[in-house]
Every structure is written in C-alpha cells, then in structure tokens.
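Let the hints inform the model, and build the full structure from the sequences given.
Protein chains: 2
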Amino acid sequence: MPSPTVTPIAATEDQLAHVRYDANGLVPAIVQQEGTGTILMVAWMNEATLRQSLEEGRTVFWSRSRQEVWRKGDTSGDRQYIRSAYYDCDGDVLLFVVEQEGKGACHTGAFSCFYRAFGSSDQSDQD
Amino acid sequence: MPSPTVTPIAATEDQLAHVRYDANGLVPAIVQQEGTGTILMVAWMNEATLRQSLEEGRTVFWSRSRQEVWRKGDTSGDRQYIRSAYYDCDGDVLLFVVEQEGKGACHTGAFSCFYRAFGSSDQSDQD
Chain P
1 MPSPTVTPIA ATEDQLAHVR YDANGLVPAI VQQEGTGTIL MVAWMNEATL RQSLEEGRTV
61 FWSRSRQEVW RKGDTSGDRQ YIRSAYYDCD GDVLLFVVEQ EGKGACHTGA FSCFYRAFGS
121 SDQSDQD
Chain F
128 MPSPTVTPIA ATEDQLAHVR YDANGLVPAI VQQEGTGTIL MVAWMNEATL RQSLEEGRTV
188 FWSRSRQEVW RKGDTSGDRQ YIRSAYYDCD GDVLLFVVEQ EGKGACHTGA FSCFYRAFGS
248 SDQSDQD
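Here the protein sequences come in this chain order: P and F.
First residue of the first sequence? That's 1 in this note's numbering, and the numbers climb one at a time after it.
First residue of the second sequence? That's 128 in this note's numbering, and the numbers climb one at a time after it.
In short, the hints are calculated from the structure, not lab data.
Just so you know, even glycine gets a beta-carbon here, dropped at the ideal spot from N, CA and C.
It cannot be assumed that every hint is accurate.
[Unchecked claim] Simulated restraints, written as ranges between beta carbons of each label pair:
{"id": "1", "chain 1": "P", "residue 1": "21", "chain 2": "F", "residue 2": "147", "range": "17 to 23 Å"}
{"id": "2", "chain 1": "F", "residue 1": "131", "chain 2": "P", "residue 2": "120", "range": "18 to 24 Å"}
{"id": "3", "chain 1": "P", "residue 1": "69", "chain 2": "F", "residue 2": "219", "range": "16 to 22 Å"}
{"id": "4", "chain 1": "P", "residue 1": "10", "chain 2": "F", "residue 2": "195", "range": "36 to 42 Å"}
{"id": "5", "chain 1": "F", "residue 1": "202", "chain 2": "P", "residue 2": "4", "range": "41 to 47 Å"}
{"id": "6", "chain 1": "P", "residue 1": "14", "chain 2": "F", "residue 2": "143", "range": "39 to 45 Å"}
{"id": "7", "chain 1": "P", "residue 1": "56", "chain 2": "F", "residue 2": "140", "range": "39 to 45 Å"}
{"id": "8", "chain 1": "P", "residue 1": "18", "chain 2": "F", "residue 2": "178", "range": "32 to 38 Å"}
{"id": "9", "chain 1": "F", "residue 1": "135", "chain 2": "P", "residue 2": "4", "range": "37 to 43 Å"}
{"id": "10", "chain 1": "P", "residue 1": "48", "chain 2": "F", "residue 2": "183", "range": "38 to 44 Å"}
{"id": "11", "chain 1": "P", "residue 1": "108", "chain 2": "F", "residue 2": "202", "range": "35 to 41 Å"}
{"id": "12", "chain 1": "P", "residue 1": "48", "chain 2": "F", "residue 2": "147", "range": "23 to 29 Å"}
{"id": "13", "chain 1": "F", "residue 1": "139", "chain 2": "P", "residue 2": "10", "range": "46 to 52 Å"}
Structure, rendered in structure tokens:
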C-alpha cells in the first residue's frame, strides 16, 4: 500500500509568532483524525518540532519523558500525516488534523488515547 | 427555547484516581462538540471543578488568569452540557463531549477557539 501523500504547510512567520510556549518552551498539540473528528492524542511541541511538523507534513513532538525529539511513527510505523493545523485564540494550544497511519495513535495499542470514559464500567469509544 | 437536558456523570473514585494533575494541581480539558466533532476549546480543571463538572453535567473550569472557579456560561450564557467525558492513557488530559449552548465557546465571539489555520491567509474552519 502506498504511503499517504505528504502535504507540507507553509506557515507564515506572523502565524508562528502567535504561538505561546510555556516556561519549558513547550506547547500542547491536539491530534485529531481527519474525517471522523476522533481525538487521537495530545503531545507537546517546542518551536523546532512545530516547524519541523509543518515542513515535513508529519507530526514531530518533543518527548518530555525522554527529553528528545519524537518523530511520531519512526519506530512504530504509526505515522500521522498532517492535513491542516490550527492555533487557538490565545496561541497556547495547537490542533493538527491528520491522516493516521498504522494501528493508531496510542502506545497502549488503542486507536485513540481517550479510550476510557468516566461513569461507565466499560471501555467506551468517543462519540 | 428550553435548556438542554442535564446529564450528570457518575464517575467512580477509581476512575477519578487515574487523573494526574500538574504541579499547580491542574489538568487540561479538551471540549469537543457532540455530533460534529469540532474542537471548541481547551481549558483547565482542578480536582474540585472536575468533580463539579461531572456532578452538574456542565463544564466548570479553573481560570488560571483570574485564579477562580469558572462556571462556563454563567456570565455569557454559552453553557456547555456534558454528554460524555474521557481521560487519556496517561490520565493527564481530559476530554468532554458537549452540547454547546449560545454563540459558541470562544471569548472572541468565534464558535471554536481554533479558528486560525497555519498556512492560510484566511480564517479557516476546522475539518
């Protein structure tokens, strides 16, 4: 099966300047599946990995636990191809709409990291 | 027009114990519109406002800027009625699927806080 098309995003410097990083130089990034709207995961980016994500058209995070660049899917094969990217009103949260390759986004093997609902004894999928 | 139905969520203590708060006692909460999957906003909760949200069936946040409980919509009328709620694999991000009342979620007047796309000169809606 051919790999998904890669579509780099040409962000402007003005857009990138709207992003506000926390004291550790990081900003949270929500990853959402294209088409279904399913929220797959949340991870963190610094300015370098945000730029890299937009240029490569794939999500690249900063791993807080390993303190290193985390090019999502390089090891697992579960790459995320970016179709569109947004920053919120305050510039302190990012949103990436992606085509998810492979088994899914979660290291547990679940497709989405949000596989547990409050108030239900069963594991439940999102809406 | 009648108000939306309120549906409290009976989370178990075991589920609530999975939630991991940061050094300030806060956890980020993504708010997503029921049905469309549109991501409306991200705000923060502490343990008390998480419990209050689930019990009242409405989103209640902790305002970091005002350092006070922020019962979403009490002032603006733009309440969010919770239909389901999730915690992620690490327990450090929450997700609320809601029925959004009023004009929308964003203090700018936009329906969603994520109204600006990278790489486009126009304001763009999410997928």
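For each hint, the structure was consulted:
1. In this structure, residue 21(P) and residue 147(F) meet the distance hint of 17 to 23 Å, their C-beta atoms being roughly 22 Å apart.
2. Against the hinted window of 18 to 24 Å, the Cβ-Cβ separation of residue 131(F) and residue 120(P) comes to about 21 Å, which satisfies the hint.
3. Against the hinted window of 16 to 22 Å, the Cβ-Cβ separation of residue 69(P) and residue 219(F) comes to about 20 Å, which satisfies the hint.
4. A hinted range of 36 to 42 Å holds for the C-beta pair residue 10(P) and residue 195(F), which are about 41 Å apart.
5. Here the CB-CB span from residue 202(F) to residue 4(P) is close to 44 Å, well matched to the stated 41 to 47 Å.
6. In this structure the hint that residue 14(P) and residue 143(F) lie 39 to 45 Å apart at CB holds, the actual value being about 42 Å.
7. Range check, residue 56(P) to residue 140(F): about 43 Å between beta-carbon atoms, so the 39 to 45 Å window is met.
8. Against the hinted window of 32 to 38 Å, the Cβ-Cβ separation of residue 18(P) and residue 178(F) comes to about 34 Å, which satisfies the hint.
9. Residue 135(F) and residue 4(P) have their C-beta atoms about 41 Å apart, which keeps the hinted 37 to 43 Å range intact.
10. In this structure the supplied range 38 to 44 Å holds for residue 48(P) paired with residue 183(F), their Cβ-Cβ distance being about 42 Å.
11. Hint check: residue 108(P) to residue 202(F), Cβ distance near 40 Å, so the stated range 35 to 41 Å holds.
12. Taken as a hint, the range 23 to 29 Å holds for the pair residue 48(P) and residue 147(F), whose Cβ atoms sit roughly 27 Å apart.
13. The given range of 46 to 52 Å is respected by residue 139(F) and residue 10(P), whose C-beta atoms sit roughly 48 Å from each other.
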